[in-house]
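Just so you know, the protein sequences line up as chains C and R, in that order. Per this note's numbering, the very first residue in the first sequence carries number 27; after that it's consecutive. Per this note's numbering, the very first residue in the second sequence carries number 5; after that it's consecutive.
It should be emphasised that the hints constitute simulated quantities derived from the structure, not laboratory data. Ideal Cβ placement from N, Cα and C applies to all residues, glycine included. Check before you lean on any hint, since a few could be wrong.
Here are the simulated distance ranges between beta carbons [what the hints assert, rightly or not]: (1) R:Thr-512 with C:Glu-131: 29 to 39 Å; (2) C:Arg-114 with R:Gly-313: 54 to 64 Å; (3) R:Asp-459 with C:Cys-158: 54 to 64 Å; (4) C:Gly-117 with R:Thr-606: 24 to 34 Å; (5) C:Glu-131 with R:Lys-530: 30 to 40 Å; (6) R:Lys-530 with C:His-99: 48 to 58 Å; (7) R:Lys-610 with C:Arg-113: 33 to 43 Å; (8) C:Arg-114 with R:Asn-271: 47 to 57 Å; (9) R:Met-5 with C:His-35: 32 to 42 Å; (10) C:His-35 with R:Glu-327: 49 to 59 Å.
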Amino acid sequence: MQEIEKKEHKPLIVAFCCNWCSYAGADLAGSSRLSYPANVKIIRVPCSCRVNPIFILKAFQRGADGVILCGCHPGDCHYSTGNFHTRRRMGILFSLLNYFGIEKERTRIEWVSAAEGQKFSLVMNDFAKTICSLGENRRLEDLRCKKN
Amino acid sequence: MQRIGVFICHCGTNIAATVDVERVTEAVKKEPYVVFAQNYQYMCSENGQQLIKTAIRENKLTGVVVCSCSPRMHEATFRKTAEEAGLNPYLVEIANIREQCSWIHKDIEEATEKAIVLARTAIAKLTLNKPLIAGETGVTKRALIIGGGIAGIQAALDIADAGYEVDIVEKRPTIGGRMAQLDKTFPTLDCAACILTPKMVDCAQNEKINMFTYSEIEEVKGFVGNFKVKIRKKARYVDEKKCTGCGVCMANCPSKKGLNEFNMDLNNRPAIYIPFAQAIPNVAVIDPEQCLKLKTGKCGLCQMKCGAGAIDYTQKDEIVEREYGAIVVATGFRPIKLDNFNEYGYADNKDVITSLELERLMNAAGPTKGTLLRPSDLTHPKVITFIQCVGSRDVSGCGKPYCSKICCMYTAKHAMLIREKYPDTEVHVFYIDVRTPGKNYDEFYRRAVEQYNVDYIKGMVGKVYNENGKLMVQGSNLLDNEQITIPSDLVVLATAIEPDPSVRDIATKLTISIDTNNFLTEAHAKLKPVECATAGVFLAGVCQGPKDVPETVSQASAAASKVIGLLAKDKLKGNPCVSHCDENTCIGCSQCEQVCPYGAITYEEKEFRIGGGKTEKRRVACVNPAVCQGCGACTVTCPSGAMDIHGFSFEQINKEIEAICKR
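With the rest of the complex left out, here is chain R:
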C-alpha cells in the first residue's frame, strides 16, 4: 500500500496570492493513497525541507509530491531532501503550480481549481514511480573551447591553470578575436593589444593548451563528461611547424587584391598572409580564392622564396578526432550588415563608416598607421558626427530589438580619443539615450562631455547625404525641439552587434537552445548564466548576449570555474530516466535501434523458456543505460510496446492524461 505525502508551497505570496493553498491541501487529501498533506510558506527553505523530511519519517511515506515552482527549478532540491530522509529521490514528483498556474492566472477560483488538477496529476503519476538508481560514467579530463577571442582565451587560461588540458578551436587563422581589432578599451583607455597579446602568447606557451586555428567543428557526439568531437583543420597550404612567420612570402606575393578582413576590408592584403603582426600562431595562410598558384597553377613565388620550405600547395583539410569532458562556446559577434539602413548612406559614401572600421583607422597597426584620415581622400576630417543606436533598439524589424550595450561607451571613447589627439576637430554625437551603467562608466561618459566638450545631441538622424563633398547629417534635436543639419567630413555609425553567424551551426551540433536574435540561451536567466540546458556545455561572451570586455572576461572565468568543477570529478552521476526493454515482448525488429540517436541499443540472442521444459532462442534489444539519454524515441517506435522509459513511462503519462481529463 502506497503512502503519499503532498506538500504545498506558498512561495511567499507568489503562489498563495492567487491559489487558495488551504483548499488545495484539503482537496489532495481526498486523492487515493494520500496520507499526509501540508502547506508551508517556503518549502525550499531549510525549515520547509525539514518539514518534508520529518513527514517522510513519521508517516512512513513511500512517495512525495511537492506543489511548488517548476521542476526545472527545484526538482533536484526536493529529490535531495527525500534522499536525506531515506526515500529514493525518484519517488518525488513536482506539480508546477507557480509558473503554470499562480503566475499566469489572476482569478483565484480558476487558479485554485487548476492547482488541484495539477496536484492530482502529479499524484497520479507518482503512484507508478519506481525507485531508480543513477549509474556512473567517467569524465574525460579535457575541455574544448569553441572560439579563440578574449572569452575563449580567458577560459582556456583559467582551465589550464587548474591543471586540465584545453583545446581551443578558432575558425580564423589566429586567436585574438574581435578584441585584437580594437584600438583602445574603455573605461581606462588601455591599448587593447597591450592587454590582449600577452594572454595570446600565454595560450601559445602553455603546455596544457592546444590550439586548432583555421579549424571548425565538424561533428559533436556523446554527452557530459564524454563528448567526442571531430575538428576540421582547414588547409592552410603552409606547414605550421615549419613556418617561422618571417613574412618574406607576403612581400613577394604578386596577388595583392584580397580584402584585409582584419582591417574591416579597408585595405588589401596578399593572397598569402599573416592576419596581423602579433598573430598567434604566427604562421602564414594562403587564401585559395586569391592565390594564383592554386587558381591557375602558375606562380609558386612564395614556395621559391620561403627559406623554411613551409609552403605546401597540396595540403588538404584534415579531420582530427578528440574527446572532451566539457565544452565552452565562445563564438563571439560581428557588427550587423547595414543593408536595411540606406538612410545613413553607408553603401554610397566611403566616409560613412562603422565604429569597428574607425577602430582600425585609429589603430597604429591599421591601414592608416594610426593617423585618422578619412577613407575617400585621406584628409584629416574636421567635423565628425557619430550616430548611435544604428540597428539597435529597433522594433521596426530592420534592425535588432535589443540594446547592443557597448555602443554608448565606445562612442564616448572614440569621441574622447579624437578630441584628445586632434583638438581642432569638432565632434557631434546623436543619441537616443546614453546608457552607461558600470563601474567608472558614467564618469567616463561625463568626461567626454565636460572635459572634452563633445557635443551630445539627443535625437535621431533621418538622413545622411552627400552635398559638394560634405556629408550632411540631418536629424532632430529633441531638447531644443528643432531640426538640424550638420555638414560633416566623417560619419561614424555605432552599429548594432549580433552573434557570429557560425553560432547557429554550433547550436545545432551541440543541441543548445537559441533565441529569436540568435543568442544562445543560458540554463537560467539569473541563477545559471553560464550553463546550458545541455549538461557539460557552457557559454562565454557575446554568443549569450551583448557584453563588453570586462563582462566577457568575467563570464569566461565563470564558465571556466564550472568546467573545472566538472573535470575535477572522477565519476558523474548519470540520468536513470532511461529506456529499458521488456525482453518477453520484444520481437527483435531493430526499429528502436534505427531511431536511437546515440547508438545505445544493441541486439542479443537470448534463451527463453517457452513451457513444456523447452527453450527457444530469440533476438532481443538491450539498452546500454550509460549511453541512453532518455529521449524516448524508441518507446514510440517500438511496435510491440516492449520499450519503455523510466520516469516517463507509458502508464505514467496515461495516468497523467486521465487525471487531467477527469471532470
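Excised from the complex, chain C in its bound form:
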C-alpha cells in the first residue's frame, strides 16, 4: 500500500463523446494537432444520452479520477432530443455524487460541436488541470478491482 502511494499519481480521466459532435471535435483537435493530456481517454457513444449513470459510477469504482461527458449543443442533437435527457439526468447524478463526497469538479458536462476542435482541446486541458489539482479520487474506488 505504501509503495503505491510513493508512486507519482497520474490522474485518469474518462471522456464520453457523442459520435456526431464531440468525437468529431476530438478528431478535429487531432488533425489540427491541438494537444491535450494523454490521461484523457475517450469512449465513443452514439449520443450523449447513451451514457448510463452506471457507466460513470463504474468509472469511479474502477479508479477514474474524473469523468467528462461531451455532447452536441442543446438544440443541435443529432437525434433531436438526446442531449436534453443527458442534461437533466446528469444534473441529478452529479449532485448526488457530490453528496457522496465526489467533488462536483470531478464530473463535468460540456457541449462541443464537430467544428469546435479548439474548444475540445481547451476543455480537456482545463478539466485535466482541475483533476490534477484535486488529486487522486478514493471515494468510490473499489480496491478489490485494483489487485487484478
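Got chain C sorted already, so can you dock chain R onto it with the hints?
The following block gives chain R in isolation, referenced to the frame of chain C:
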C-alpha cells in the same frame, strides 16, 4: 473460443513517429483472445487490406481490431475488408491511435502507453461484438432543395436532368437569391441577370421541378431515403394560378412606403409587389405589414383593378406535407449588419454604402436605372473610395474572424466598371491584402490596377467623417508610411458576408452541425465537402463557407451528383446498430416509447411461459429496426435494463471503462 487479430497501422510516420508500433504489437499479443498481431505501414492501402484478409483466413479470426485513424475515417473501409474475407463487418473495431494519440502527444513513451490502452479497450469491446446484418429500406425518389439561389437552382436543374423530381423551397417570393441582385459577375463581367434568368426560367418550365416560393420548412422527420417534411406556404394573398404578373395592381396600390428589399432598401415599393421584373414565379405578393386592406380593412383597390381576379385577402398559410429521399441545404448568405462599425459612419451618412447597395445602384433595373448617382443628392460622385475587409478577418470580436473571400474580387470589379463607365472618376481602394486566387482572378485584379489606374492603397481606414458635404476617409498608407485623408463623394464598404440567419433553424430541424460562425459543417473538410454528418443531407453554396458564384455552382453540381447517386438506389442499407428489447425482462412501462424521438417503439401483448405448463400474457416493447436510428435514449431510460443497443451495448461500454481504468 474467440480468435482476435490486431492490426497496427504506421500511417506512414503519422502514427509511427510518436507511437512505438513494435511495442504496441508486442503488448497487444498478451491480451486475452488475441492470436495474431501485426503492424504495417499503411493498413488502408491495397496491400494492408490484403494483409488483413489473409490473416483472417489463415488464422481463422473471429474478430479484428485495427489501430489506426479515426473510425469516422476508415471504419467503413475495414468493415468492407473483413466482409470480403468472410467475416461479419460488425466484428471489426477501430482503436483511434492517430487523432486521439499520435497527433496530439509528443512524448513517445506517453503516446505508446496511451496507444496500448486504446488498443486494449478496443479489444475488450470486440470480445462482446455480435455479428449484425443491416436491414434495408426503400428510397423516395424525390429531392428537396432548401433555398432557391444560384446553388439551389443549379442543384435542382442537375437532379431534374437525371430524371428525378425536385422541390425547391424558397422563403422569398421569387427564386434567384443574391445573384439576382448582382449587376455583373467576375472575372468575365457577364451580366448576372443574363446568365441567371435563363436558369430560373428553366426551373419554372422543367416538369420535374416543383417550386414552393414564399415558403418555409416547418418540420423535418425521418431519415435518409425517407424524409417527411412539412412546408409552410405563407399567404401571398394572391392566387398563384390566376395572377398573370401584369403589374396593374402595383401601379394602383396607394401604399408605397414599403422598403424595397430587392434594392437593399434604397427605394420604396408598393404593398403589393413583384420583387423584380424577371421574378420566377412572376406572381405578385402582398406585404401584410403595408397593405391598407389587410391592416385597416379599407382599400381593396388591387382587387378591383386585377383583371384576372387573383387577389384573395382571405388567404391563409398552408401546410404541405411531402416526402423526400435526399435534402440539399442552400440557404445562402447576407452581408453582416454594420452596427459595430461606427468608424465608417454607415448609419449617419447616406453616401457611405455597402457593396451590395452599390451593385443595385449600378444595375439597370436598380433604383437609379443603372446611372451611378450618390444616394444623398443624386449627383455623380467624382471621388469614390472603397474600403475592404469591413468586418472580415476581424479578430477583435466586432466582425468575423474569417476572410469573406469574394470582396477583393468584387471590389476590383466595381472599381473597373466605374472607371470604364465614368473615366473622369477617381477611384481609391484601401486594402489589407489583395487575395485573388482562382482562374483568371489575379489577371482581373491586375487589369484594374494597370489598365484602369485604380489607386490601391495598402492600409486600414480609421475613420470616415462628413466635412462640408465631403466624406473624409482617414487612413494609413503603409507602403509610404504616412497618414492620409481622402475627401470622397461616395464610400463603398466591402462588407463581410455571413450565413443567412435562417440557417440556424434549418440546422436544428435537420440536426446538422453548425460552427461558431454559423456555417454548416461538412462531413469531412477535404474528402466529403458536400456531405453532412446526417446521412441524406447535402450542402451547397455559402451556407457551408464563403464562396463566389463559380465555386457555388460547382458545389451545387457536386451536391446534385451525390443526391442522384442516392436516389438511383432502390434500397438503402440501414444501420444495424439499433436498439432491441429483452422481452423476458421488459415490464411494459412505456418509458422507452416516450423518449424515442422516432416513434420506433411500439407495444405488443405476448404470451410467455411461466413454468408449470402455464403461460401469462404481458405487454412488451418492440423496436422497429428500420425506424430506430440507434441513439440509445431508450437504453438508459429503461428501468428494468431490457433495452440495449447493438454496437454500444451496456456490457461493451462497461468493458471499455474497465479496460481504460486498468492500471
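Going through the hints against the structure:
Separation of R:Thr-512 from C:Glu-131 is about 31 Å and conforms to the stated range, judged on CB atoms against 29 to 39 Å. For the pair C:Arg-114 and R:Gly-313, the supplied restraint of 54 to 64 Å holds, since their beta-carbon distance comes to about 56 Å. Against the hinted window of 54 to 64 Å, the Cβ-Cβ separation of R:Asp-459 and C:Cys-158 comes to about 58 Å, which satisfies the hint. At about 31 Å, the CB distance of C:Gly-117 to R:Thr-606 agrees with the hint of 24 to 34 Å.
Checked against the given bound of 30 to 40 Å, the beta carbons of C:Glu-131 and R:Lys-530, roughly 38 Å apart, stay inside it. At about 24 Å, the beta-carbon gap between R:Lys-530 and C:His-99 misses the expected band of 48 to 58 Å. Range check, R:Lys-610 to C:Arg-113: about 35 Å between beta-carbon atoms, so the 33 to 43 Å window is met. Our hint of 47 to 57 Å for C:Arg-114 and R:Asn-271 holds, since their Cβ atoms are close to 52 Å apart.
Between R:Met-5 and C:His-35 the CB atoms are about 38 Å apart, so this pair conforms to the stated range of 32 to 42 Å. Our hint of 49 to 59 Å for C:His-35 and R:Glu-327 holds, since their Cβ atoms are close to 58 Å apart.
Of the numbered hints listed earlier, the single one contradicted by the structure is hint 6.
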